[in-house]
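Single-letter residue listing:
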Amino acid sequence: MNAAKVVRRNVTVFWRAWRFSFFLSVLSPVMFLSAMGLGLGSMVSETDAFGGVDYVDFFATGMLAATCMQAGVFNATYPIMMKMMWQRNYEAMLASPLEVRDIFLGELASIGLMLAQVAVPFAGVMALFGVFDSPMAILAIPVAVLLGLACASVIMAFTATLQTDEAYTWLFRFVVTPLFLLSGTFFPIDELPLWGKVVAQATPLYHGVELVRQLAIYELEASALWHLGYLLVMLGIGTALGMRNLERRLVP
Amino acid sequence: MSSPPGSDALIEARSLTKRFDQLMAVDSVDFDVRRGEAFGFLGPNGAGKTSTMRMIGCTSPLTAGSLRVIGMDPVTQSSEIKARIGVVPQMDNLDIELTVRENLEMYARYFDVPRDIAGPRIDELIEFVQLTEKAKSKVEPLSGGMKRRLTIARALVNEPELLLLDEPTTGLDPQARHLVWDRLYRLKQRGVTLVITTHYMDEAEQLCDRLVVMDNAKIVTEGSPRDLIARHSTREVLELRLSDDERGRLKEWVDGISDRVEWLPDRVLLYTSSGDEALATIHERGIETETALVRRASLEDVFLTITGRSLVE
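Taken in order, these protein sequences are the chains called D and U.
Going by the working numbering, the first sequence opens with residue 1, and the numbers climb by one from there.
Going by the working numbering, the second sequence opens with residue 1, and the numbers climb by one from there.
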């Protein structure tokens, strides 16, 4: 399995910084859940809008999904561009028996591992904050990872077409940040005007957030299949498009 | 893999063509590279050398024509071909976060070299490229020459029978260049077939048994360095620097003393079988030269003769 060699390479490079990275993966949810969940949440007495759960539960589940989306997107931007253009690692890989699909799938799998390394500590902190009551909640971790991967695959397809990194400033400012703020992470999208609701429902983050919440703090509904389907289809399209674009880029 | 009977060609290109949108990068070239030889692609930047190398290295599909590498088809058998060749790219693409040794270990894994074989082989390669003291050093702080040598060692980790080198010494200082040449020469002695692109004449003369000269996506001539010099130049070249007045005087009767003359902006080159005689004649006629140098003809002169342009501007 040639893609595993790419994962191996990434893990070797990543391993040097794992302590720091793990520290951040724990610190970040502790800070967010303390400040936003408990701090802000203590002033939120109206829990009907959050389906009868505490604000910290509502916020933490949304934040788990949003964090994985951000990490997935980020890891499909500069780190990939670095290996594609600046350090030309892919050129070196392609001079060995590895092919473009091995590189793409290996990178995607590496991002999956990295996302797990974000999501697991995050969920651990959530457990300490008493967010979960059912064992089903553990499934929120793979769902958050899937969300991050679906976003990463599409952004990798985008990265493969870029000649400079200028577009990333726009991507983070006008796509990622609005998604982060308006896809139901901080407040239910029911509070948005109708058009806002429609837009929010089209975004991957909304589906990821909904599915995480159904598994972790609400009851599982039939709509879970639709949310899961959305993320899987997005990952499939991103992967097909990404492999095609990277092939055009690296093997002109 | 079996080659056709009587043929020992490791690479066979027929009407090989590469086009990018409007740009014709390689325009229907034919060449054979024989097992065990050092074969060069010589030409200025943009001549099509790198595109040709990338097609041989299976990282660029051909637009038209045919290409066989070690008897295989680069489009359908790219992994199999790549397993048996080594590539030294124009720009180093090492893993700068890893150490010298780790770079080689990682690359050996890409080629599925078993661990117990990879270990001793890597030790040997590190010694071969004279990086033993740097084995545990990260790549980033290494000098350009050391990085180049590491890239060469990396390309040898699968014990390739064919090594592709795209401008192996561009950007290196003279000492570092000679060290690289020395290592490449040793590889050739061990029977590794070398394919080298360069825009340096001295490199081509040093390393190549046979070469093709490329210009504007086409092969303009081919042969051994000595052959090409014999065919397209005279034995010696007289290089003169002189004032504009003296240039004018020389022009009037120079035809009698030289086979051919190139009037470059800063120099005049006289192609002749005897540079000393030509210089003596010039001095007899009372022309004053600022500097005069008699030298052996080089591939530079071949390129100038064929294309009318000098190779490195």
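Because the hints were derived from the structure by calculation, they are not lab data.
All residues carry an ideal CB built from backbone N, CA and C; glycine is no exception.
Keep in mind that a hint or two might mislead.
Stated by the list, open to error - A short list of chain U residues far from chain D (calculated; beta carbon distances all over 10 Å):
1. R34
2. S66
3. M72
4. S78
5. S79
6. K82
7. E102
8. G119
9. Q130
10. A135
11. R154
12. G171
13. Q175
14. D227
15. E284
16. R296
To be verified - Pairwise CB distance ranges, derived in the manner of DEER restraints:
17. D:L128 with U:E124: 51 to 57 Å
18. D:S21 with U:P141: 20 to 26 Å
19. D:L128 with U:P114: 53 to 59 Å
20. U:S66 with D:I138: 56 to 62 Å
21. U:P141 with D:L24: 23 to 29 Å
22. D:W195 with U:I96: 54 to 60 Å
23. D:A127 with U:P141: 53 to 59 Å
Going through the hints against the structure:
| no. | hint | result |
| --- | --- | --- |
| 1 | R34 | 23 Å, holds |
| 2 | S66 | 19 Å, holds |
| 3 | M72 | 13 Å, holds |
| 4 | S78 | 7 Å, violated |
| 5 | S79 | 4 Å, violated |
| 6 | K82 | 5 Å, violated |
| 7 | E102 | 7 Å, violated |
| 8 | G119 | 17 Å, holds |
| 9 | Q130 | 21 Å, holds |
| 10 | A135 | 16 Å, holds |
| 11 | R154 | 8 Å, violated |
| 12 | G171 | 15 Å, holds |
| 13 | Q175 | 26 Å, holds |
| 14 | D227 | 32 Å, holds |
| 15 | E284 | 59 Å, holds |
| 16 | R296 | 37 Å, holds |
| 17 | D:L128 with U:E124: 51 to 57 Å | 53 Å, holds |
| 18 | D:S21 with U:P141: 20 to 26 Å | 24 Å, holds |
| 19 | D:L128 with U:P114: 53 to 59 Å | 46 Å, violated |
| 20 | U:S66 with D:I138: 56 to 62 Å | 57 Å, holds |
| 21 | U:P141 with D:L24: 23 to 29 Å | 27 Å, holds |
| 22 | D:W195 with U:I96: 54 to 60 Å | 48 Å, violated |
| 23 | D:A127 with U:P141: 53 to 59 Å | 44 Å, violated |
Violated hints, in rising order: 4, 5, 6, 7, 11, 19, 22 and 23; the structure is consistent with all others.
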